[in-house]
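Q: Here are the chains, one letter per residue:
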Amino acid sequence: AQSVTQPDIHITVSEGASLELRCNYSYGATPYLFWYVQSPGQGLQLLLKYFSGDTLVQGIKGFEAEFKRSQSSFNLRKPSVHWSDAAEYFCAVGTGTASKLTFGTGTRLQVTL
Amino acid sequence: GAVVSQHPSWVICKSGTSVKIECRSLDFQATTMFWYRQFPKQSLMLMATSNEGSKATYEQGVEKDKFLINHASLTLSTLTVTSAHPEDSSFYICSARGQGLRTSGANVLTFGAGSRLTVL
Numbered sequence: 001a002q003s004v005t006q007p008d009i010h011i012t013v014s015e016g017a018s019l020e021l022r023c024n025y026s027y028g029a030t031p032y033l034f035w036y037v038q039s040p041g042q043g044l045q046l047l048l049k050y051f052s053g054d055t056l057v058q059g060i061k062g063f064e065a066e067f068k069r070s071q072s073s074f075n076l077r078k079p080s081v082h083w084s085d086a087a088e089y090f091c092a093v094g095t096g097t098a099s100k101l102t103f104g105t106g107t108r109l110q111v112t113l
Numbered sequence: 001g002a003v004v005s006q007h008p009s010w011v012i013c014k015s016g017t018s019v020k021i022e023c024r025s026l027d028f029q030a031t032t033m034f035w036y037r038q039f040p041k042q043s044l045m046l047m048a049t050s051n052e053g054s055k056a057t058y059e060q061g062v063e064k065d066k067f068l069i070n071h072a073s074l075t076l077s078t079l080t081v082t083s084a085h086p087e088d089s090s091f092y093i094c095s096a097r098g099q100g101l102r103t104s105g106a107n108v109l110t111f112g113a114g115s116r117l118t119v120l
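Chains as they are written, first to last, in my numbering: chain E, 1 to 113; chain W, 1 to 120.
Extracted from the complex, chain E is given alone in its bound form (with noise of 0.2 Å):
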């Protein structure tokens, strides 16, 4: 089965700064492979997905997240922070034709100004 591994519970950035959120995966086969952010109190948004091909793959509202075999990781990273980045991010493995999701505990970020 499948699995996820977000090691970072809670990360504070000014704004502006750069970010890298951790995402760890275990999976048999190729992966999909899928940010989420979810603001409080309400449901999710697809920030960027992995399904096949460029391994750097470039998402909405600036993210990018790049997929490393080598090391089961599918890292998210952003260039310079805004306020209105903060929230809960999800990483999320899915097997392709059943599209069941497995998520990562989540990280929640904190960007200060």
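Hints listed in this document are in silico derivations from the structure and should not be mistaken for laboratory results. Ideal Cβ placement from N, Cα and C applies to all residues, glycine included. Incorrect hints may have been included.
Said to hold, decoys possible - Output of the computed footprint for chain E on chain W, the stretches with three or more beta carbons under 8 Å from beta carbons of chain E:
1) 38–44
2) 112–120
Claimed, not checked - A few chain W residues that don't get close to chain E, going by computed Cβ distances all over 12 Å:
3) C13
4) K14
5) K20
6) E22
7) T32
8) E59
9) K66
10) L68
11) L74
12) T75
13) T78
14) T80
15) S83
16) R97
17) V108
Following the hints, position chain W against chain E.
A: Chain W only, in chain E's frame:
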């Protein structure tokens, strides 16, 4: 783009009553819907998968008699929490996989905004 609507967004009920949560795909046909449960400051746990016109498939440890799922049409799935108790209080989120939403052979899910249930 694809939109999934969940209703109600929050509900408070007395212990022992039943509560129904609706999940609707507004601009696409959802062949499969997934129901998740999220405890405060925790991740989403998949409860069940429902396919239109067939019985839901429940994850291990989820009581199918307590959490009734119906997917009677291609645009609507419902989750009914029967005889709710305070421990059922949680944030319930649905997601939908639709026809025509494939990318590179895989299916992209659209999530609803969630429903917060509080059982007194």
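Q: Are the hints correct? Go through all of them and say.
A: Outcome of the hint check:
1. For the segment 38–44 of chain W, the stated coverage by chain E holds: 4 residues have a C-beta nearer than 8 Å to a C-beta of that chain, and at least 3 were required.
2. Counting residues of the segment 112–120 of chain W whose beta carbon lies closer than 8 Å to any beta carbon of chain E gives 4, which meets the minimum of three for the stated coverage.
3. Listed as a non-interface residue, W/C13 keeps its Cβ farther than 12 Å from every Cβ of chain E; the least gap is roughly 18 Å.
4. Against chain E, the non-interface label of W/K14 holds: every CB pair exceeds 12 Å, the least being about 23 Å.
5. Chain E leaves W/K20 outside its interface by the beta-carbon criterion, the shortest separation being 18 Å against a cut-off of 12 Å.
6. Every CB of chain E is more than 12 Å from the CB of W/E22 (nearest about 14 Å), matching its label as outside the interface.
7. Look at W/T32: its CB is around 7 Å from the nearest CB on chain E, not clear of 12 Å, so calling it non-interface is violated.
8. Here W/E59 does not stay apart from chain E, with its beta-carbon only about 9 Å from theirs, under the 12 Å limit.
9. Non-interface call for W/K66 relative to chain E: holds, since the shortest CB-CB distance, roughly 21 Å, exceeds 12 Å.
10. Here W/L68 stays apart from chain E, with its beta-carbon at least about 20 Å from theirs, past the 12 Å limit.
11. Taking the minimum C-beta to C-beta distance to chain E, about 16 Å, the non-interface status of W/L74 holds against the 12 Å cut.
12. Every C-beta of chain E lies more than 12 Å from that of W/T75, the closest at about 17 Å, which supports listing it as non-interface.
13. Non-interface call for W/T78 relative to chain E: holds, since the shortest CB-CB distance, roughly 17 Å, exceeds 12 Å.
14. The Cβ of W/T80 lies farther than 12 Å from every Cβ of chain E, with a closest approach of about 20 Å, so its non-interface assignment holds.
15. Consistency note on W/S83: stated as away from chain E, and its beta-carbon is indeed over 12 Å from all of that chain's, at 26 Å minimum.
16. For W/R97, the shortest C-beta to C-beta distance to chain E comes to about 5 Å, within the 12 Å cut-off, and the non-interface label is violated.
17. Not every Cβ of chain E is farther than 12 Å from the Cβ of W/V108; the closest lies at roughly 7 Å, contradicting the non-interface assignment.
This entry does not satisfy hints 7, 8, 16, 17, going by the numbered hints stated previously.
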